[in-house]
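Peer 1: Chains as they are written, first to last, in full-length UniProt numbering: chain A, 1 to 336; chain B, 1 to 336.
Derived from the structure by calculation, the hints contain no laboratory data.
Accuracy of the hints is not assured; some may be wrong.
Since copy identity is lost for identical chains, a pair holds within one copy or between any two.
Cut-off 30 angstroms, straight-line C-alpha distance, at most; resulting in silico cross-link-like pairs (DSSO-like, lysine-lysine) [unchecked claim]:
no. : residue 1 : residue 2
1   : Lys261    : Lys233
2   : Lys73     : Lys106
3   : Lys112    : Lys44
4   : Lys261    : Lys237
5   : Lys220    : Lys73
6   : Lys324    : Lys73
7   : Lys112    : Lys73
8   : Lys102    : Lys73
9   : Lys309    : Lys106
10  : Lys220    : Lys261
11  : Lys41     : Lys106
12  : Lys8      : Lys38
13  : Lys309    : Lys112
14  : Lys324    : Lys112
15  : Lys112    : Lys220
16  : Lys38     : Lys112
17  : Lys41     : Lys112
18  : Lys323    : Lys73
19  : Lys44     : Lys102
Each chain is listed here by its residues.
Protein chains: 2
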Amino acid sequence: MKKSLSIKEIAALSGVSVATVSRVLNDNGRFSEETRQKVLKVIKENNYQVNSIAQTLRSQRSTTIGMIVPDIKNGFFANLINQIEATLFTRGYSTIICTTDKDSAKETAYLKALDAKLVDGLICISGQEYLDLSVMSRRIPLVCIDRNPNVKGEVGFVQSDNLTGGTVASQHLISEGCQQIAIVSKSDGPSSIQKRVEGAVNEINQHPNVNYQLLLSDRKDLSNYARGVDIAKELVKQTQPVDGVFATNDWLAWGIIQGLKDHGVHVPTQVKVVGYDNDDICEILQPSLTTISQNIPELAEEAANLLLKMIHIDNGNDGVIEKKRVPVELIVRDSA
Amino acid sequence: MKKSLSIKEIAALSGVSVATVSRVLNDNGRFSEETRQKVLKVIKENNYQVNSIAQTLRSQRSTTIGMIVPDIKNGFFANLINQIEATLFTRGYSTIICTTDKDSAKETAYLKALDAKLVDGLICISGQEYLDLSVMSRRIPLVCIDRNPNVKGEVGFVQSDNLTGGTVASQHLISEGCQQIAIVSKSDGPSSIQKRVEGAVNEINQHPNVNYQLLLSDRKDLSNYARGVDIAKELVKQTQPVDGVFATNDWLAWGIIQGLKDHGVHVPTQVKVVGYDNDDICEILQPSLTTISQNIPELAEEAANLLLKMIHIDNGNDGVIEKKRVPVELIVRDSA
DNA sequence: CTGAAAGCGCTTACAG
DNA sequence: CTGAAAGCGCTTACAG
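Let the hints inform the model, and build the full structure from the sequences given.
Peer 2: Structure, rendered in structure tokens:
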């Protein structure tokens with residue numbers, strides 16, 4: 001591999017000291033315009049590229065942040081990751097994305113790797129369990145999105161307003177005339193999903209004439225879609241038929257719709273269905289899916305800004321926890 | 001931020017030199033079992049974490065690879081990224097994922113950042129244009145997936161067998177009795193997609209009784225799905241109706257199916273449709289989509305292994321280009 | 001089996 | 001305005 005030039009060689013070629021080259025590079029400190037031109041010329045001519053590793057070691061700042069995410073294939077996460085990364089990039093930070101695949105050993109290994117790489121901050125998205133930061137050798141600014149950290153000390157916390165999301169979903173079904181509502185979710189979901197259920201239940205409880213039942217799939221072996229199909233089988237067996245379903249994600253919702261259809265139950269005329277996430281699939285399905293849309297741009301912006309703020313303040317160890325709650329939006333389509 | 005301990009402090013606490021601590025850490029060089037135990041004990045007790053940045057600067061090896069990808073939201077890319085990253089991780093490498101959003105300025109900026117971070121290698125996935133590596137200050141092992149690099153020197157090249165993919169798609173339609181086939185794609189697609197079209201055309205040309213037409217959407221403002229709907233409008237207007245469609249991705253295929261349905265044309269009885277990628281949506285749609293599945297695990301494995309091989313050989317500058325071509329598979333479902 | 005020392009490529013007080 | 005020098009935390013010949 002061709003060796004790249006160092007600041008030392010640039011200095012020699014420019015006839016100045018390495019200190020001066022460094023100053024020009026960082027536009028920091030005083031130097032004559034003439035010197036600057038001279039150095040910049042040599043840098044250009046030699047395609048010099050600064051060595052960030054050396055910078056990081058020296059300055060103890062990596063301008064890199066680590067991002068822990070359970071699953072990159074999920075559309076919601078992919079969007080969120082993409083936007084956070086884009087925001088951080090415009091602010092001069094690189095992002096190392098670590099996909100844990102919900103494997104806590106992998107999560108720990110990644111945390112150590114990020115620690116060793118001196119990342120300036122950490123963003124953790126969702127995840128099944130409490131976040132165990134005891135493996136870190138340093139205290140590091142941390143922002144969690146939809147996840148409860150078990151960390152003492154300063155943690156930023158950005159949440160989508162899942163509680164309201166559930167509430168709005170129920171409200172919509174009720175306003176459409178539903179009186180027997182099934183709330184369908186997964187028994188193994190993270191707290192963000194449980195909040196959706198909680199919101200939906202709370203709302204229904206405000207309406208004495210509306211009943212609900214909770215159906216939690218524990219079929220970890222199935223995809224969300226397949227779980228929905230599976231749950232639909234339960235639904236059609238019931239003596240008191242449901243007329244509304246709130247599913248805590250869109251794939252689940254679509255599985256339910258298809259499962260119901262297989263049993264001759266039509267959506268939305270016989271049963272109305274509301275999903276969650278406003279996944280890309282919502283628009284292309286027939287019936288298209290009524291759903292709750294999370295504000296991904298705002299979640300990304302809040303998380304990135306909060307982390308950057310924490311990095312720059314770097315007050316280190318007082319236990320202040322900043323929280324942001326980002327609104328959601330009901331999107332009405334054909335299914336309810 | 002709490003400062004982490006250095007090897008120097010571990011050395012002091014263990015009563016040995018930093019050299020010895022380093023040896024124990026890397027299990028490299030000779031030392032007594034007693035020394036090892038002593039040092040390891042201190043490391044454990046103090047939750048010592050090695051500083052990879054210092055290691056990298058010293059050894060000029062970062063055990064980090066960079067990955068340039070056009071779009072993380074695309075299911076095919078997301079899967080591929082995920083699997084490459086997982087493979088590299090088991091081999092001790094971290095992966096920095098850089099999403100270019102098809103913006104070449106962003107691509108250049110990322111390339112520079114990766115260069116500055118001393119990544120040991122680079123994987124580039126797809127992308128619209130030739131890859132411009134002139135911004136790199138070093139020669140670096142590079143593997144391209146479905147992308148033509150314009151680089152002199154050693155480049156690994158892993159491709160999905162897009163040509164055969166197109167061929168197989170046509171074959172299937174023909175074997176299902178189609179005689180008027182529309183090949184639908186995007187005018188702005190990368191070469192990997194053009195290969196699919198080429199394969200499909202070649203195959204049809206083998207069959208004198210089968211005709212085809214090529215429809216390329218140039219509506220960059222539309223999603224793939226919307227482009228499909230749009231194209232379907234063209235299709236139904238034609239005097240000689242088509243009875244088969246090959247679309248170069250699944251979302252496009254689904255748009256066509258929905259567009260045809262809107263005009264009263266039924267799939268698969270009147271028109272048969274084959275998509276490409278075997279996206280997660282294929283199974284949940286009705287009709288479910290017949291498609292060409294790329295072998296993502298093998299693509300990931302080949303790319304990762306090839307890159308690792310190049311890194312370890314590091315022969316640097318002979319112009320050998322390794323190529324791998326990964327087979328695809330026809331998956332027959334309801335739409336054709 | 002172990003240590004002293006050089007050096008990876010930078011930044012930044014300190015001195016002038 | 002500029003340079004000499006220390007030091008970030010490691011690894012690795014070299015010497016013993």
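Peer 1: Taking the hints in turn, state whether each one holds.
Peer 2: Each hint tested on the structure:
1. Lys261 - Lys233: For Lys261 and Lys233, both the intra-copy (10 angstroms) and inter-copy (28 angstroms) Cα distances are at most 30 angstroms.
2. Lys73 - Lys106: For Lys73 and Lys106, the Cα distance is within 30 angstroms both inside one copy (17 angstroms) and across copies (23 angstroms).
3. Lys112 - Lys44: Between. Shortest inter-copy distance 14 angstroms satisfies the 30 angstroms Cα cut-off; intra-copy 37 angstroms does not.
4. Lys261 - Lys237: Classified as within: same-chain Cα gap 14 angstroms, cross-chain 32 angstroms, threshold 30 angstroms.
5. Lys220 - Lys73: Result: close both inside a copy and across copies, 17 angstroms intra and 24 angstroms inter.
6. Lys324 - Lys73: Both. Shortest intra-copy (26 angstroms) and inter-copy (25 angstroms) distances satisfy the 30 angstroms Cα cut-off.
7. Lys112 - Lys73: Classified as both: same-chain Cα gap 24 angstroms, cross-chain 27 angstroms, threshold 30 angstroms.
8. Lys102 - Lys73: both (12 angstroms within a copy, 19 angstroms between copies)
9. Lys309 - Lys106: both (28 angstroms within a copy, 24 angstroms between copies)
10. Lys220 - Lys261: within (23 angstroms within a copy, 35 angstroms between copies)
11. Lys41 - Lys106: between (46 angstroms within a copy, 24 angstroms between copies)
12. Lys8 - Lys38: within (15 angstroms within a copy, 40 angstroms between copies)
13. Lys309 - Lys112: both (23 angstroms within a copy, 26 angstroms between copies)
14. Lys324 - Lys112: Within one copy only: 27 angstroms inside, 34 angstroms across.
15. Lys112 - Lys220: Cα proximity of Lys112 and Lys220: one copy only (29 angstroms, versus 42 angstroms across).
16. Lys38 - Lys112: between (43 angstroms within a copy, 22 angstroms between copies)
17. Lys41 - Lys112: between (41 angstroms within a copy, 18 angstroms between copies)
18. Lys323 - Lys73: both (27 angstroms within a copy, 28 angstroms between copies)
19. Lys44 - Lys102: between (46 angstroms within a copy, 26 angstroms between copies)
In this structure, every one of the numbered hints holds.
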